[in-house]
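Asker: Line by line, the protein sequences give chains A and B. Under the numbering used here, the first residue of the first sequence carries the number 1099, and numbering increases by one thereafter. Under the numbering used here, the first residue of the second sequence carries the number 1099, and numbering increases by one thereafter.
Don't take every hint at face value.
Note that identical chains are pooled: a pair holds if it fits in a single copy or bridges any two copies.
With a straight-line cut-off of 25 angstroms between C-alpha atoms, the simulated SDA-like cross-links for lysine to any residue are [what the hints assert, rightly or not]:
| no. | residue 1 | residue 2 |
| --- | --- | --- |
| 1 | LYS1223 | GLY1512 |
| 2 | LYS1127 | ASN1178 |
| 3 | LYS1286 | LEU1350 |
| 4 | LYS1223 | SER1237 |
| 5 | LYS1344 | PHE1376 |
| 6 | LYS1127 | PRO1290 |
| 7 | LYS1234 | TYR1134 |
| 8 | LYS1206 | GLY1512 |
| 9 | LYS1234 | GLY1512 |
| 10 | LYS1279 | ILE1484 |
| 11 | LYS1127 | ASN1287 |
Since the hints were made in silico from the structure, they are not lab data.
Protein chains: 2
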Amino acid sequence: MKKKSKVVIIGAGFGGLNAAKALGKCDVKVTIIDQYNYHLFQPLLYQVATAGLSPADISVPIRQVLSDQKNCTVHMATVNDINIDANTVITDSQDIDYDYLIVATGAKHSYFGHDDWQDYAPGLKNLDDATEIRRKILSSFEQAEMTHDIEKRRQLMTFCIIGGGPTGVEMAGAIAELAKKSLAKDFKNINPSESKIILLEGGDRVLNSFPEKLSIKANKQLLKLGVEVKTNSMVVNCNEQGVVIKNEPVILCNNIIWAAGVKASSANQWLDVKGDKFGRVHVNGDLSLPNNENIYVIGDTALSVDKNGKTVPGVAPAAKQMGKYVAKAIISKILNKKPQKDFKYKNYGNLATIGRKSAVADFGKFTLSGFSAWFMWSFAHVMFLIGFRNRLSVMLNWAWHYFSFNRGARLITGKKPK
Amino acid sequence: MKKKSKVVIIGAGFGGLNAAKALGKCDVKVTIIDQYNYHLFQPLLYQVATAGLSPADISVPIRQVLSDQKNCTVHMATVNDINIDANTVITDSQDIDYDYLIVATGAKHSYFGHDDWQDYAPGLKNLDDATEIRRKILSSFEQAEMTHDIEKRRQLMTFCIIGGGPTGVEMAGAIAELAKKSLAKDFKNINPSESKIILLEGGDRVLNSFPEKLSIKANKQLLKLGVEVKTNSMVVNCNEQGVVIKNEPVILCNNIIWAAGVKASSANQWLDVKGDKFGRVHVNGDLSLPNNENIYVIGDTALSVDKNGKTVPGVAPAAKQMGKYVAKAIISKILNKKPQKDFKYKNYGNLATIGRKSAVADFGKFTLSGFSAWFMWSFAHVMFLIGFRNRLSVMLNWAWHYFSFNRGARLITGKKPK
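Looking at chain A on its own, in the form it has when it is part of the complex (with noise of 0.2 angstroms):
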């Protein structure tokens, strides 16, 4: 009897989960390999952030997702590096051998060359981000409701967005419809409507990916919000003050929340490769490694770049339709079957949100804005997310959030604030 080839799946997101899936019914042996147990929505992080959703919300439990699947082991451990001579997936707890490998470990905060800035400015990646994130933002209310320094409670109220694109749209969005309404009656001493909200973009428009009239929308609505847009302003410093831009004073503040920019994973260190600037691999038509057929690189670790010489941009519908491409990539390589044609993205459409009932959607053909755009994004996402519990779940929370007004994980839990 033929041995059955062994597939390893670096990172249980959209890509390598869908993968894992792809390969349920093939007659592989596949192991998945995730540091946390859990698969997570990511595109809703911003609401654990802002306690409008609990963290088991927008997660479930890889293992569970896998359940049924009897060809697919899970496991749990961080990835050191891989050796490619041996075939081999060097973790903390034990090397896994392979015959195909699958890289699909995501990305992760850039701060251009100031790491030293992720101590002030946190992104928003894992779980832990968002409540920490959420702690953080949560006791400046009620630090600043504490203080009789007036200059200090402003610092306090105030929050800097960095990075003008989807995440720093609705993270801005959500923060501000927390200060202005969710908290609004609940303080003596402060006004929480008074915060200020501060979105910073260093190019000239917020949302550059869309067209340039869902800009100006995604922008007006923002104001209506009560957020203050800063468009060409280039952060040069963040430190426990606050936000420096470029030729102005400081902008004092306690909160400043990182979505300028990402990089990919450590995955082209591992593979001894050259990244691109933003340390993506570069992979071949079929999203291949160049030298190395049997390793295949998806999602926002990949560099790929089709005949037009268009790159797949680092969303989730990408990372998904790659993760089912390479899949069956490798069931056709061991079947030997001719090699499918070239990964293409399939591009369904752009989705912002920037509030409630406020949202811009780009088709291409067609773009949406306000309320019926926010209604798509709210069914989308509904949609997509893993498991009938977490859509009933979520769909409860936005509910009540809608008529009340009112977050309901508006909870400082973790390390106590200095």
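Knowing the structure of chain A, use the given hints to seat chain B on it.
Answerer: Only chain B this time, still in chain A's reference frame:
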């Protein structure tokens, strides 16, 4: 105009929160101080620790509960001391003056003089404790799945719960269900249903505050769930290896949960009085302090003995009743009214749950066990939760769990396992 009396409440648990609410319409200034921003429904905390519920399901922001109460200020701070001569509560942020003080600071774990056991045998008092125990339990299964060392694996899959009171019984039952039902199918190398769950009780029966026949029934129901119950087992050591019982070899186990004893908070030191052996403060019949009738002590912090020499038990309903009682007592004093009769605890019944469809209930005149007691337990706990959203969310999670055996919050968050 006469100056309004200042009532300060330390602690927003069942006692403190009910006192604050009962003072809602009175012409006094109320300040409630708590180190957390949430009121916690502690009776369901074990379900957060065993991945059944999310933290936000069983807690609610104190500010939100008291949002409409115009005479009440919420102060999130840690109390360091009370200056009785100056009528001042000293917190880590500022000093707060009072005319009347209500001390409702609850209880913490008591390791009977062995505080070094705490690191190995954490107890369950707040949300961070619960998510930390959840992390440890779930991580143990992940580590067991990866190790090839049979001994190590057995140790990782052995769980000792120390203390056979309601909390210990609930924890043991919940861990048994987690291992033997929810996780059973999700691992490839281990069989979680082979986990050993051991409930250790120093006395001769579990639930010794209940009638003996209910202890026997609880014991049977625990055995049915696969819990090993060891009575007359006095713990003499807890360390990184496991638990040592007097005259027996060490029980190797990776998870020890402390449910054996509590002592009152440090309030007796602040008040400069000698507590009883559990640190509780002796109070008058009206719950005031013998030498200082403007200070009241309620809930688990108080040692209240009625005319018949019966001590009020440290349970949530007693704390609630005490909270309402002292609110009235203070108002009577302010208005120079005739004082109320001494506080008398009304016991409406004791409930303890063991697992799915199984609980015991003691109503004095009659008792219940099995499904009927469980149904009553579920109903009572949903009813007593604060907030419509929380009730709905808990019911949704329970229904989900009841029909699917899955747990909604199987997340490993927080610091990484060693």
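Asker: For this structure, which hints from the list above don't hold up?
Answerer: none
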